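> Could you build all of it, start to finish, from the sequences and the hints given here?
410 is the number of the first residue of the sequence shown in my numbering; add one for each residue after it.
Watch out, some of these pointers could steer you wrong.
When the alpha-carbon atoms are kept at most 20 Å apart in a straight line, the in silico DMTMM-like pairs for lysine to aspartate or glutamate are as follows [unchecked claim]:
#1 Lys563 x Glu480
#2 Lys563 x Asp509
#3 Lys563 x Glu508
Ranges of calculated distance between the beta carbons of each label pair, as one might list FRET restraints [stated by the list, open to error]:
#4 Glu426 x Asn533: 22 to 30 Å
#5 Met410 x Asp452: 34 to 42 Å
#6 Val428 x Gln491: 33 to 41 Å
#7 Gly479 x Glu441: 18 to 26 Å
Just so you know, these hints were derived from the structure itself, not from any lab.
All values reported here derive from a predicted model rather than from experimental measurement.
We put the CB at the ideal spot given by N, CA and C, even for glycine.
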Amino acid sequence: MKTMTKGQLAVLLDGNESVEVMTLEQERIAAENNLLVLFCQSDDTLEMRGAIHGEEDAAGGGDFALILEGEQFSDDDSDAIQRAGANAVMRISDEYDNEDNPRLIRVEWCRKDGTSWAWDITSNLPRVWFTIWDNGEPFSGALVIDLDEVEPLKQH
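Right under this line is the structure:
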């Protein structure tokens, strides 16, 4: 049984400063509840905490996708089909229209719409959004995703 929902965690994290987005205790609770927290840090990384712990190069922004353990995916470098050994967030080519990808996670650096934030993250996945601050100013949009709510991919 879950002890925290994605909405409860987002409320807890909303307004935190970029130097400490999450405490170790919050990361542990997120992991125990299969919640994935996505946020950007500095000027070049997409950070993952909770159900996945790691980072991806996001310099300049880009498109990413969530892959669940056991799902097959194509490696862009070799076109070889691989099976994910663990849940992961991976960069996907932006040469294609990714708008309809149900697992799309889009990271934008310095949006052109007048937003003062350095980073924004949007997704087609069920999510709750929150804001990270830096020195009292909005710095980054961020997301909490409940991996238990993600539909498995239909694989051939």
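> All the hints need checking, so say for each whether the structure fits it.
Hint by hint, here is what the structure shows:
1. Lys563 x Glu480: 9 Å, holds
2. Lys563 x Asp509: At roughly 15 Å apart (the allowed maximum being 20 Å), Asp509 and Lys563 satisfy the hint.
3. Lys563 x Glu508: 18 Å, holds
4. Glu426 x Asn533: 22 to 30 Å: The hint (22 to 30 Å, Cβ to Cβ) holds, given that Glu426 and Asn533 are roughly 29 Å apart.
5. Met410 x Asp452: 34 to 42 Å: Once the Cβ atoms are compared, 40 Å apart, the range 34 to 42 Å for Asp452 and Met410 holds.
6. Val428 x Gln491: 33 to 41 Å: 36 Å, holds
7. Gly479 x Glu441: 18 to 26 Å: This hint holds: roughly 21 Å between Cβ atoms.
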